[in-house]
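Q: Sequence lines, in order, name chains C and B.
Using full-length UniProt numbering, the letters of the first sequence map in sequence onto residues 1 to 247.
Using full-length UniProt numbering, the letters of the second sequence map in sequence onto residues 1 to 247.
Calculated directly from the structure, the hints in this document are not laboratory data.
Here a beta-carbon is modelled for each residue, glycine too, at the ideal position from N, C-alpha and C.
Mixed in with the good hints there might be a few duds.
Sample of chain B residues facing chain C (criterion: CB under 8 Å; computed from the structure) [claimed, not checked]:
# : residue
1 : G25
2 : L69
3 : Y166
4 : S229
Far from chain B, some chain C residues (derived; all Cβ distances over 10 Å) [claimed, not checked]:
# : residue
5 : E31
6 : A32
7 : V98
8 : T194
Covered by chain C, per the in silico footprint, the following chain B stretches (three or more residues, Cβ under 8 Å) [claimed, not checked]:
#  : stretch
9  : 28-42
10 : 143-150
11 : 169-178
These are the residues of each chain, in order.
Number of protein chains: 2
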Amino acid sequence: MPTPRHERIAEELRRAIDREEYAVGSRLPTEAELAARHDASRGTVRQALAALTAEGLIGSRQGARRVVLAGRRSQSFAELRSFAQWAQAMGRTATGRVVEQEYRPATAEDAARLHLAPGTPLLNVLRLRGLDGEPVLIERSVYADWISPTVASLDPECASVTQRLYEDTGLVFAHGEHVIDAVAAGARDAALLTVRRTSPLLRVRRVTTTHDGRPVEWSDDRYRPDAVSFTVHNSIANNALSRTTAG
Amino acid sequence: MPTPRHERIAEELRRAIDREEYAVGSRLPTEAELAARHDASRGTVRQALAALTAEGLIGSRQGARRVVLAGRRSQSFAELRSFAQWAQAMGRTATGRVVEQEYRPATAEDAARLHLAPGTPLLNVLRLRGLDGEPVLIERSVYADWISPTVASLDPECASVTQRLYEDTGLVFAHGEHVIDAVAAGARDAALLTVRRTSPLLRVRRVTTTHDGRPVEWSDDRYRPDAVSFTVHNSIANNALSRTTAG
DNA sequence: TAGTGGTCTAGACCACGGT
DNA sequence: CCGTGGTCTAGACCACTAG
């Protein structure tokens with residue numbers, strides 16, 4: 001069987017919302033009606049609706065019809081994880097190159113984030129990435145020791161490391177944790193991103209793990225805030241975002 | 001009936017994960033075992049596990065046992081929406097005051113975000129908020145016309161506007177959309193937050209709506225990035241975060 | 001191959017919202 | 001009050017993982 005029933009129902013609803021067949025602020029059909037229309041049980045329909053709720057597209061309350069909250073489609077995880085795929089989905093062209101690549105002993109921070117012993121030699125990669133030729137992102141990535149050799153052997157011009165690693169080794173980047181804040185551009189950041197020194201940059205420090213939670217890599221990504229921002233939807237019943245105090 | 005069964009099961013699991021009864025990287029009991037242990041059906045257990053998955057605490061794949069991904073509890077939506085409640089949950093004291101408050105005609109941006117006609121008089125409020133006396137956040141909020149008078153009548157020292165509005169009018173802040181980027185501190189930002197001018201600030205522009213998607217307020221919030229950051233968990237099957245190009 | 005999660009059904013009752 | 005979503009059950013079959 002190709003796609004599960006609930007996924008096809010969800011996709012059908014997303015498209016209907018996209019083409020404003022259900023406008024923002026309007027009410028969706030009832031679960032019973034959707035079930036009848038798709039010849040599925042109510043449970044299956046609810047699974048589809050739960051997905052749209054998690055994406056922030058619709059909202060619900062007991063007793064009242066579901067309501068359309070937003071019209072824009074959100075991105076797939078694959079697009080979020082891979083700069084190249086994301087750019088393509090936005091209709092832009094991803095450019096980029098490896099600026100620097102070398103093995104360094106794991107710092108205390110590396111060790112903590114990747115669950116490794118300090119001093120373990122790890123591959124550090126500095127990449128500059130751009131959209132349509134305009135530099136927008138500096139990525140400073142550190143790879144776990146068990147994957148470092150594979151990454152080191154990749155073509156420096158490789159557009160999507162994520163995809164290459166999956167094709168070559170079956171490795172899946174399954175989960176991510178992103179910590180978002182802001183920093184001033186240092187001298188090197190400024191030169192690479194063609195902004196003034198001390199310009200504000202949007203920083204995302206992220207750790208990517210396999211299905212079982214084993215860390216694969218972590219990265220300090222700095223975006224030009226005039227080119228890229230992040231969006232989070234949430235609801236009373238659904239919050240993926242949290243706010244943290246420093247230290 | 002006080003709390004639903006699935007919610008109690010989820011809360012029990014969260015606590016067990018918190019006290020490391022199930023350590024990060026370890027496997028959870030099977031659905032069948034959890035069902036037997038809580039005398040519930042498998043469907044109910046799956047509902048509880050879906051909540052933890054959405055929170056980024058656990059991960060799952062067909063065929064394999066569920067795995068613990070993170071140990072920290074995430075925040076409740078109430079804590080995310082209200083600065084005061086959030087501070088309290090973190091064990092800090094929220095301070096704050098209204099710096100400026102006046103009616104202004106809706107700008108084009110106000111009109112677009114709140115779905116109102118340009119020129120409508122709207123309450124604009126500038127608040128400075130702090131943790132333990134240290135200023136960390138500047139909030140520039142604009143309230144929809146139908147709620148502006150109520151907000152204007154509140155005590156300027158009111159700790160939680162969200163909570164007051166609920167108590168006084170039954171208004172629920174049910175959904176939010178947050179767009180996150182970075183900006184340089186202007187002269188006024190710098191003075192209020194006691195940082196240097198051009199310091200990087202973490203900016204969150206958010207729109208809050210009622211259950212049916214009607215916008216209540218929107219706000220430009222600027223955080224000192226050394227004091228506050230944002231965290232997002234996501235997975236292949238679950239992404240609340242999206243990346244957007246400016247313009 | 002056995003264990004486990006993913007999908008799906010066909011019902012039931014309850015709690016809440018709007019008319 | 002009726003319509004609707006929220007909760008819950010008991011079972012079935014399939015797809016995938018792991019030993």
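Q: Y166 of chain B was flagged as interface toward chain C. Is the shortest Cβ-Cβ separation under 8 Å?
A: 12 Å, violated
Q: Let's test the interface hint: is any C-beta of chain C closer than 8 Å to that of G25 of chain B?
A: Holds: closest Cβ of chain C sits about 5 Å from G25 of chain B, inside 8 Å.
Q: Examine the stretch 28-42 of chain B for residues whose CB is less than 8 Å from any CB of chain C, and state whether their number is three or more.
A: Three-residue rule not met by the stretch 28-42 of chain B, so violated; n is 0.
Q: Tell me if chain C covers the stretch 169-178 of chain B under the three-residue, 8 Å CB rule, please?
A: Result for this restraint: holds, n = 6.
Q: So is E31 of chain C really clear of chain B, every C-beta pair being over 10 Å apart?
A: 16 Å, holds
Q: Double-check L69 of chain B for me: the hint is only fine if its C-beta lies closer than 8 Å to a C-beta in chain C.
A: Interface hint status for L69 of chain B: holds (4 Å vs cutoff 8 Å).
Q: Quick check for students: does the CB of V98 of chain C sit more than 10 Å from each CB in chain B?
A: At about 21 Å from chain B, V98 of chain C clears the 10 Å cut-off, so the statement holds.
Q: Should the label of A32 of chain C as a non-interface residue stand, given a Cβ cut-off of 10 Å to chain B?
A: 19 Å, holds
Q: Are three or more residues of the stretch 143-150 of chain B within 8 Å, CB to CB, of chain C?
A: violated (count 0)
Q: At a threshold of 8 Å, is the proposed contact between S229 of chain B and chain C supported by beta-carbon distances?
A: 4 Å, holds
Q: Verify this label for me: T194 of chain C is non-interface relative to chain B, using a Cβ-Cβ cutoff of 10 Å.
A: Correct as stated: the minimum Cβ-Cβ distance to chain B is 16 Å, above 10 Å.
Consistency note: the structure conflicts with the earlier hints numbered 3, 9, 10.
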